[in-house]
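Undergrad: Listed below, chain by chain, are the residues.
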Amino acid sequence: MKPINAAGSSIWKVIAASSVGTLIEWYDFYIFGMLAKTISTQFFPEGNDVAALLSTLAIFAAGFIIRPFGALVFGRLGDLIGRKYTFLLTLVLMGSSTFLIGLVPGYKSIGVWAPLLVLLLRLIQGLALGGEYGGAATYVAEHAPANRRGYYTSWIQTTATLGLFVALGVILFVKSSMSEAAFDAEWGGWRYPFWVSILLVGVSVYIRMKMNESPLFSKLKSEGKTSTNPLKESFGHRANFKMVLLALFGAVMGQGVIWYTGQFYAQNFLETKVMIDFEQSRTILLWAIAFATPFFIFFGWLSDRIGRKWIMLTGMLLGVIFYRPIYSSFLESVAPKTYTGALPYMTGSPIIKKELSKINTDSLITTTTHFASPENYKYTVVVTDTLTASSLLKKGTPVVKNRHLPSGLFWKFVWLVFVQVFLVTMVYGPVAAFLVELFPTKIRYTSMSLPYHIGNGVFGGLVPFIGLLLTSSFPGDPLVGLWYPIGIAALSFIIGAIYLQNKIDTDVTD
Amino acid sequence: MNVIKKYSGLIWLLLGPAVMYLLIAGALHNIDPDGTKDINKPIPWIIIIAIFTPISIGLMIFGYYALKGEYDHLAENSEELN
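So the protein lines, in turn, are chains A and B.
Mapping of the first sequence onto my numbering: position 295 corresponds to residue 300, and the numbering continues sequentially without gaps.
Mapping of the second sequence onto my numbering: position 8 corresponds to residue -3, and the numbering continues sequentially without gaps.
Keep in mind the hints are simulated off the structure, nothing from the lab.
Computed from a prediction, not measured in an experiment: that's the story for all the values here.
Glycine included, each C-beta is placed from N, C-alpha and C at the ideal position.
Take the hints with a grain of salt, since some may be wrong.
[As the list claims (entries may be wrong)] Here are the simulated BS3-like cross-link-like pairs (lysine-lysine), alpha carbons at most 27 Å apart as the crow flies:
hint: 1; chain 1: A; residue 1: Lys278; chain 2: B; residue 2: Lys26
hint: 2; chain 1: A; residue 1: Lys417; chain 2: A; residue 2: Lys406
hint: 3; chain 1: A; residue 1: Lys400; chain 2: A; residue 2: Lys278
hint: 4; chain 1: A; residue 1: Lys399; chain 2: B; residue 2: Lys26
hint: 5; chain 1: B; residue 1: Lys57; chain 2: A; residue 2: Lys314
hint: 6; chain 1: A; residue 1: Lys358; chain 2: A; residue 2: Lys42
hint: 7; chain 1: A; residue 1: Lys314; chain 2: B; residue 2: Lys(-5)
hint: 8; chain 1: B; residue 1: Lys30; chain 2: A; residue 2: Lys42
hint: 9; chain 1: B; residue 1: Lys30; chain 2: A; residue 2: Lys363
hint: 10; chain 1: B; residue 1: Lys26; chain 2: A; residue 2: Lys113
hint: 11; chain 1: A; residue 1: Lys42; chain 2: A; residue 2: Lys113
hint: 12; chain 1: A; residue 1: Lys113; chain 2: B; residue 2: Lys30
hint: 13; chain 1: A; residue 1: Lys400; chain 2: A; residue 2: Lys358
hint: 14; chain 1: A; residue 1: Lys399; chain 2: A; residue 2: Lys358
hint: 15; chain 1: B; residue 1: Lys(-6); chain 2: B; residue 2: Lys57
hint: 16; chain 1: A; residue 1: Lys278; chain 2: B; residue 2: Lys30
hint: 17; chain 1: A; residue 1: Lys42; chain 2: A; residue 2: Lys278
hint: 18; chain 1: A; residue 1: Lys508; chain 2: B; residue 2: Lys57
hint: 19; chain 1: B; residue 1: Lys26; chain 2: A; residue 2: Lys42
hint: 20; chain 1: B; residue 1: Lys(-6); chain 2: A; residue 2: Lys508
hint: 21; chain 1: A; residue 1: Lys42; chain 2: A; residue 2: Lys383
hint: 22; chain 1: A; residue 1: Lys363; chain 2: A; residue 2: Lys113
hint: 23; chain 1: A; residue 1: Lys314; chain 2: A; residue 2: Lys508
hint: 24; chain 1: B; residue 1: Lys26; chain 2: A; residue 2: Lys406
hint: 25; chain 1: A; residue 1: Lys363; chain 2: B; residue 2: Lys26
hint: 26; chain 1: B; residue 1: Lys57; chain 2: A; residue 2: Lys237
hint: 27; chain 1: B; residue 1: Lys(-5); chain 2: A; residue 2: Lys508
hint: 28; chain 1: B; residue 1: Lys26; chain 2: A; residue 2: Lys400
hint: 29; chain 1: A; residue 1: Lys359; chain 2: A; residue 2: Lys400
hint: 30; chain 1: A; residue 1: Lys314; chain 2: B; residue 2: Lys(-6)
[What the hints assert, rightly or not] Every beta carbon over 12 Å from chain A, so not counted as near; a handful from chain B, in silico:
hint: 31; residue: Pro6
hint: 32; residue: Met9
hint: 33; residue: Tyr10
When you get a sec, could you build the whole thing from the sequences and use the hints?
TA: Here it is in C-alpha cells:
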C-alpha cells in the first residue's frame, strides 16, 4: 500500500482536530496542579488524616499509576475499535471530570465526601490523559506522508506546553481580575478555570465527531487484520516487547525528565528557592514558552531531514551539561554578594508582630521589612525570633519572600527558562514520529502509549519528589535535586546512543 | 558496536536491582510518622515502589535481551515484530 498522503487542507483539519483536543486535556490536567494550594485548602484541610491521605493519593496515584494504566486501557481500545472513538471518549471523560471538580462543594460543606469525590475525579483525569496522547499522535501520523511525519506530528507535540501556557494564562487572568479573598473563597474564582473546560471540550468534541477514522486503521479493519489481543501482542511477543523497552529506556525516560525539569521544576525552583512572587514566576514561564514553542515545529521538521535520534539525544545531553550552570545562575543573580545592580534599601519601618507560640509558652516576634530599589527590585524579609519563657531571645533566620525582579534580571530569567524549554522542544518535538515508526499499525496505540506515559508520568512526574528527597538528604546543596533529571537523562542518552537507529521508517502502513 | 551493545547489557541487568535497593532503603530511611513532608509518608513510597518494581524488572529484561544480542539487529519492518 502507498503511504497515505493527505491532501493539504484535510491534513490540517486532522492536525487541528487532534491538537485542540489534546491541548484541552493537558489544560485540564495542569489546572489541578497549579491550583494545588487553593484546592488543598478547600478539599484537603490540614489536621485531618483522611483528607491528607486522599490528598497524597490524588497527587501520586493520578500521575504514576493511573496514567500508565489509562495508556493500557485506552491503547487496547484504540487498537480494537479505532483511534477516533477512543480519543473522543478520553476527551469527554477528561472534560467532564474537570468540570465536575469545579462543582464539588468544599470540605466545610460536605466533609470527607469532598476530598473523596475530588480524588475520584482526579483519577478519571489521569486515566483519560493516559489514553489521549497515543491516540492523537497515532491519528495524525497515520494521515501524514512519510517525508513530513515529524513535521505534522510536531503540532501535537506543542499541545502539552501550550496546555500549560493556556492554564497559566487563564489562572493569571482570573486571579488578576478579583481580590485574593474572592479567588480563594469556597465558590470563588479558582473554580472558573475548571468550568471553562466544559466549553472547550464541547467545541473540541464537535470538531472530532466530524473527523473520519484513521485510513490505516480503517484499511486493517476492512481486511479483518486488526489485533484481537493488543496487550498480548504488544507485551507478550518478545520482538515487540524489546522495542517497547528500548523506546522507554533509550528515549522517553530521558525525554520525560527534560520535559518536567524545563517547565515544572523551573517554575517551582523560582518560587521556592529564588522566592520570586507568584505572578512574576508564572510570567517568566509564559514568556519562555511563547518564545520556545515554535521550535517544537522546527525540530519536528528537522527530524524528517536528519532523523529523530540525534536531535532527541542532543537535547538530553545539553540538559545534562547545562542544568547545574543554569540553576546556579538563578541563585547567583539574586545573591547580595553577586547581584550587579543597585541593592534595594529598606522602605518604611519594619512591622513587628508579637504572638504566643501555638505549641508552647514561648512568644514569637515576627519582623517584616520591605525593601525596594530605584530599578523596581523589591522583596520582603521576614525574621521570626523566639522569646522563651525564661526571657532568652533566640534569633530567627531571615527569609526572603515575594521577590520582584527588576526588568534586566527578569529578562535574564526568561532567557534561562527559555533555554530549558528549548531543550524540551528538542527531545519532545520528534518523539511522536519516533514512537509511531517503532510499532506496527495493529498494536501501535497500545505499544507507544505505555512507554510514553511511564517516561513522562513516572520518570518525569517523580522529578519534584526525588528532588525533595535529595534536598532533605543533602541540605547543604540547593541544586542537589537536579542530580535526578541529570542522571536519568544521561542514562537515557547512553542507552539511546548505543541502541537506537537513526533511520526514518518510510512505511508505517504495515 | 554490537560488542558494546552486548556487554553494556550487563550494566542494565544489574541496575534494575540496584534501583530497587535504593528505593527500599530510601523508604525505610525517610518514612517517619512525625514528619510532615511527602517523603515522610508511607503512601508515596508504596506507590513508587509498586510502580518501579515492574520498571526495574523491565530494565533487567532489557539488559538480558542486550546481553543475548537481541538488539544487534533492530526490526526493519513490522513483519519482523510479529
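Undergrad: Which hints, by number, does the structure contradict?
TA: none
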